Structure formats: C-alpha cells, structure tokens
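When the letters of the sequence shown are read in order and numbered with mature numbering (1 follows the signal peptide of the UniProt record, and there is no 0), they come out as residues -23 to -1, 1 to 748.
Everything labelled a hint here was simulated from the structure, so no lab data went into it. A couple of the hints might just be wrong.
Stated by the list, open to error - Derived Cβ-Cβ restraints for the label pairs, each shown as a range:
#, residue 1, residue 2, range
1, Thr513, Ser334, 41 to 47 Å
2, Asn332, Glu53, 30 to 36 Å
3, Asp625, His375, 27 to 33 Å
4, Glu656, Glu413, 53 to 59 Å
5, Lys130, Thr521, 34 to 40 Å
6, Asp220, Glu312, 57 to 63 Å
7, Val545, Glu369, 36 to 42 Å
8, Val299, Val545, 32 to 38 Å
9, Asp625, Thr556, 29 to 35 Å
10, Lys327, Thr521, 39 to 45 Å
Claimed, not checked - Straight-line alpha carbon distances no greater than 20 Å define the calculated EDC-like cross-link-like pairs of lysine to aspartate or glutamate that follow:
#, residue 1, residue 2
11, Lys633, Glu622
12, Lys627, Glu654
13, Lys36, Asp92
14, Lys581, Glu119
15, Lys417, Glu297
16, Lys231, Asp635
17, Lys497, Glu216
Since we're looking at a predicted model, the values are computed, not measured. Ideal Cβ placement from N, Cα and C applies to all residues, glycine included.
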Amino acid sequence: MKLKKAVSITLVAGLLVSSLGFAYGNEEVSEPEIRQSKAVKAVKQTIEISEEKAEALAKDYIKDFFGQDVDTSTYEKRVEYGPYWGSQGEYTWMISYHKYTRDSSNSFEIVLKADTGEIKQIYRYKYDRETENNVTKYNRDELKEVAENFLKKVNPTLTNELVYDENQQYYTYYSSMGLRPTQYHYNFTRVENGIKVAGDGVAIGVDSGTGEVVSYSYNWSDDQLPTTEDIISIEEARELYKDEITLQLSYLPKRGDYYYMYQPETEEIKIVYNPVMERGYLLDAATGEFINGYGSANEGITTIDITDAQRKEFEGVKAEKVEREKELTQEEATEMATEILNDLYQQEVKIQHTNFSTYYRGNTRRRTWNINFTLNDNNYVHGSIAIDALTEEIMNVHYYDYRAMEKMMYEKPMEKEDSYEVEALEYPDAYNKAIEIIKKLYPDKLDNIQTEQTYHGNHYHPEFYFNFNRIENDIPYHYNHISVSINATTGLPQSIYFRWDDVELPKPEGLLPEETILSKYTEDINLQLQYTKIYTHNYPEPPTFETKLVYANTGLVSTGMFNIIDAVTGEYLNYNGQTIKEHNKRNDQFNDIIEGHEAEKELKIMIDNGMLDLDKYSLQDAIPKKEVIKMMVLANGYYHHMIAEAGDLKFLDVDKNDEYYQYIQAAVYQGILTDEEVELGLNETVTREELAEMLVKLVRLEKIAEVEGIYTLPVDDVDEINSDLLGHIALVYGMEIMGDVDGSFSPKAEATMIDVAIGIYRAFSKLGIRY
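With the sequences and hints as input, model every part of the structure.
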C-alpha cells in the first residue's frame, strides 16, 4: 500500500519519544566481590568495634555492594548504637547516609554487628528526577538469577546451606505501586541436616527497574541445634495433629479482590469453620507435646465471663441507638467528649484541638469528630477520642502516658509517686472495668457481644486486652467488635475501639457436618520439621529463648496455611471470603500460553505485578471494558486519595455497589476517563481500535492523535478503521505499542487480555508513566 506522508509518522513518533525524555537503566547488573565470614562469635554487650571503625567498614561495604564512594562532606550522617531488634542480647551499629539535591537523592542504611563488624543489613534508595517515569523492566524470574549470583559473590560458602523460599514469590501482588519500579524480594532460608532453620538465612532485594541489588540482610544464629535422634516420626506427628484439631464456626464477610484498593461494600456474609488448636500450633518433635511460641503448652489459660448477677443487671440496661437528623456541632461534640473523658479518667480533661473527617469501612460510612486531649496539663499524656456525628457513638478512645510506659517497660512496675494513683490490677478486676465501660458507652450492644474472654496468665501483661466480638446464633462475627484495653498498673483505659456495621448475619442453615470438614482438613495437613526459636518471658528480666525442633503445619503448596473453610461448600477461603486458587494452577495456565510469545517478558512483568486477573479471565479471552480500565489503573498506580478526590461519578451505567466503581473513580482521577453523563458500556468487550484510543489517552497524547491530515497506516485494512481514530492507531502502531498480523490491524476484532497487557506495558515503557 502506498504511504501518504509516511515520513511524518516517523517524525511524529520520534519527536514524541525524544521530547518526553524517557530513559532506560543499565542492562548489566553489577556483581561485586564481597567477603563475609559465616562464623558468628558469641554475643557480647561490650563494644569491640569502635564508632570510627564501624563507619569505615560501612563505607567499605557500600563501595563493595554498590560501587559508590561516600563523601561525608556532602552526605548527612546518622550513627546509632543499641540492641538489635531481631536477636536477644545482640548489639549493633546502625549507620545511615543521606544526600539530597533538587533533582535527586541518594541514601544508604547499614547495620553492623558491634562485636565483629559483620554486616547484618544494608539498603540503598536512590531517586533521579530524569528517570522518575521509568517502569519495571525485569520480571521476577530474571531477577531471581541476579539474586542468586549476588549471593554467590557475597558468601559462596553459604550457597549449599540455603534453600530458596517459594512462599515469598507473590509478594508484589500486595505491595506493587503499578508498573513503577519496585523491589522483588528473594528469601533464602538456612538448612541444617536437611531441616529449615526458621528466622535464619539471607534476604535479597532487587530493583525491578534497574536489575540492581538494593537490599541485603543476613541472619545466622550460633545456637546449638537440637539432635534429630529419638524424635517422633512424621506419621506419629500427623496422628497427634488429627487428635488435637477442633473446629469453630464464625462469620466471614466476602469482599472484592482488591490488592490496592479499599473495598467499601461487603458482598455477602459467609459462615465458615476455623481449625483451632488450644494447646499450641507447634509440635515438639522430642516430646510429642504441643507448644506455643513461648515454649510450652498454652497452660495458665483461664476464661472469665460475667456473673449471673451481672447478666441479670444487663437485662435492665436498655438503650436505643441515636439517629440524629443533624450532625453534632463542634461545640456539642467537645462538650460530649469532655463529659465522657472526665468519667473515664476521673481527672481534669484539657481539649487540645478537633477536626472533622469522613471514612468508609465495610458497609458503613462514618462522619466523625476527632478530638485530641491531655489530662491535668500533663505533657506526657496524649489522648484522642472520635465521636460519630450522627449516632453519637464513641468510635475510639486512645490514651498514652509516655512516662508511665517507660517506667513500666524499662525500669520496674510503678510505685506511688507524684499524681499517679497506682492500682496493681488482677485480670478479673480489669475485666470488670472493661464491662463497666461497655455498659456506659455501648449499652445497646450488651445482648450481642461475646462476653467470655480468655486470659494467658503465664507471662507479664503491661495491658489487659479484651475483645468482645459481635455474636448471633451463637456464632461470632470477628469483624464487628468492641475492644478495650486496661493499663495493668494505673487501671485506666488505654484504648477503646468500636467497629459495628449492623449488617444482617445469615442463619446457620445447610452447613456441612463438622466431621466432614475435619476429615478434609486433617487430610490436607502438610507437616514439616523445622528448627524454631522459642521465647520465654520472665518479666521484668529480658526474654530468653532456645531453639527447638518442631513439626509445623506449613499448609498446601506455596499459599500458606489454609485455615478458613466454607461451612456450606467445604472450599478453602482466603481472608476476603473468596475461594483460594492455587498459584501453581495459575502458573500452568499462563506458562503454556506465553512461553515463546514475542511479548513473553512484558506479560510476565504484568503478571508478577498483579495487573492481570487470571482468576476471572484467561489470557486469550476478550475482556470487558471495565477490566481494561482496571488494568490501566493498576498499571498506572493507585493511591487512596484518588477515590475521595474523584467523588461520585456521573456515568449513567455505573453502580456505586459495583466492584469496579473505585477503579472507575481512579480512572477519572488519572485522566483515563472523562466523567460525563453518558453510558460507558462497561460490560461490553473492547475492539482493537477502541483499545488504541484508550492507550493514547492513557499516556496523554489524545490532542496529538486528533490532528487531521498527517496520518496514514501501512496495513491492508486501513479503510476499515474509524476515521476519527486513525491518528490514535497511527501513534500506537508507529511506536510499536500495537502491531499488525500478516499485514492487517483488524480494528473491529475484540481485544484480548494479552492485547491489553502488551499495549499497556509498551505504552508506559515507551512514554513513561505520565500521571
């Protein structure tokens, strides 16, 4: 076909590319030679490495890891010495360097063992304005090899003692910021005698935009590991687990599959079975006893409930929920807060400031007054209270006394002094205080809360926590509850938290027998031996620990322990109430389709970063417009402020309760859609020419695409293209965002998920993320 103004296509594309200033990182990944001894000396609380020596070592590590010289005359520096949070009794130097300019920043953070100077953690963050629109260039499989090669350079003697932890593979599904570069995390767990050592090993982070290692952490205990002789067999362990497990019913809300967004509506409430092991979830392989993370069976557990007299008293407490026509004014809310707080704390309340806010949770929209306060002009005391402006319900109360907590945690239990009224509480006393608070603040909920509470009395509690779940039909609904914590030393309420959606809970009808569910669950138990640190708290002395050999239930495949079972269908559910799809089945599906595909790399990146809903659609499916919009929003990156700033939508065929509503709001905010009183046709599939139009708008080039008289296309079916979209298709075709098949663009053909995924990735990789 004869080209009309063919040169203009090339010029337009070239000018677009050069003017937008996109850039690519170095394709080669640096693999520095770094040596680190595996041997770990006995921990000492004396400093053997001076501050000057620690700084010199830190600079050497930064040079070795990142090829960067740190000039302290141009970097801000911070040096700290103290106990390491991850190991009892171990002390470290924590050193950070930061350099900021108008257009860039460069930061390093490093943690060194104070007695040997060995590295425990190192992290680098850099930002360059010229490359801020870059996108992820590497998929997870590619960078796994980078992490493995880096590990061999860092400490080749460890490679035979580590195993890659597949359970971390889908981390970015829940942490990605669209196609912007992020860190892929690779965890390598220590293995001794063919058994994993929990908590020991190496973690490496690799930047998905540059392919460079940006973080490294190393933890290797020198504790003597227990013998594997005379332990119970895995068959015996399985039988013990079967005998130990019981089931409990609970309600679980089913919500949308939102990796990035907050889901405002509960689709339905399900009744589920939850496996319970009262004595602990770990089985001591030497003794055959179940233990918890504190080294013993859950002994010392007691339960407490209201007395018959209290229950009778409750019957006389009646209260109706307030429903105001007008919201509380600031003055009314402040007066109400002062009265409640004076009653709770029996001290003079000083209101500091107030603000008004709106938030959504579950099926409830709340508009609240948020009030900050202190007591008796005490600068060490900070508190807040939130009051629903329409119902007058107390949504939360938080109170913190910094001086009291420091004394309690770092010195010894408080004694009477100054203005503090010390009351050493026992658990039953604290429980009764919590019940009295509920009677005062939430009397209308007394008949619908689970008053029985469980107390673990074998270790010190600076606060007593009580969680009163909503209960109906003798089944708890953990997502509605009233929580109260009482300071064990002062006897004052530390926090009060109220969450109640007033959703209707289903009756327990058509449930599978408990025996059926228990049989299914016990058959799916996947026991593994592992070395685990067991902590023992002996307050006020520091906690101690020992390493034990235990059997742990690691669950099915790489998705972790399955512990929610639909009581009607018997299916495993996730925390959103959705049926769990095993990742290996998903992998089989897309691997067969994309292996050898010309865009295999791009597709893997889109999948690794959670942009494709492979539970609903196959890669070769024609997908509806709403799914295309969702993919574009997720690739662009989602931030919570978008929903509030987009506001209610004008579109005629978009329902607020639709699971895609928030994606449409975000698309309006990002400029992908224009909010108008028109029908979007969300459930209709998208043609290839319509996809081209959406991609052009995604990268903000629609004005250029609408210029008339300069575009043509070297495809056989150019006459079938909507003349209004010729410029859009010319742009995506000229920049190889979309292509032809055997010389035809097929403008009227339905776009598949593969078409959409490739188009989105290539648009951003060519032109950068523009929003």
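Hints, verified against the model:
1. Thr513 to Ser334: 41 to 47 Å: Distance hint for Thr513, Ser334 holds at roughly 43 Å.
2. Asn332 to Glu53: 30 to 36 Å: holds, 33 Å
3. Asp625 to His375: 27 to 33 Å: holds, 32 Å
4. Glu656 to Glu413: 53 to 59 Å: holds, 56 Å
5. Lys130 to Thr521: 34 to 40 Å: holds, 36 Å
6. Asp220 to Glu312: 57 to 63 Å: Given range 57 to 63 Å: holds, Cβ gap about 59 Å.
7. Val545 to Glu369: 36 to 42 Å: Holds, since Val545 and Glu369 (Cβ atoms, about 38 Å apart) stay within the stated range.
8. Val299 to Val545: 32 to 38 Å: holds, 37 Å
9. Asp625 to Thr556: 29 to 35 Å: 32 Å Cβ-Cβ, so the 29 to 35 Å window holds.
10. Lys327 to Thr521: 39 to 45 Å: The hint (39 to 45 Å, Cβ to Cβ) holds, given that Lys327 and Thr521 are roughly 43 Å apart.
11. Lys633 to Glu622: At roughly 16 Å apart (the allowed maximum being 20 Å), Glu622 and Lys633 satisfy the hint.
12. Lys627 to Glu654: It holds: about 5 Å lies between the C-alpha atoms, which stays within 20 Å.
13. Lys36 to Asp92: Holds, at roughly 18 Å.
14. Lys581 to Glu119: Holds, because 10 Å separates the two Cα atoms, which is no more than 20 Å.
15. Lys417 to Glu297: Distance of about 13 Å is within 20 Å: holds.
16. Lys231 to Asp635: holds, 14 Å
17. Lys497 to Glu216: Judged against 20 Å, a Cα distance of about 14 Å means the pair holds.
Violated hints are absent here; each numbered hint is respected by the structure.
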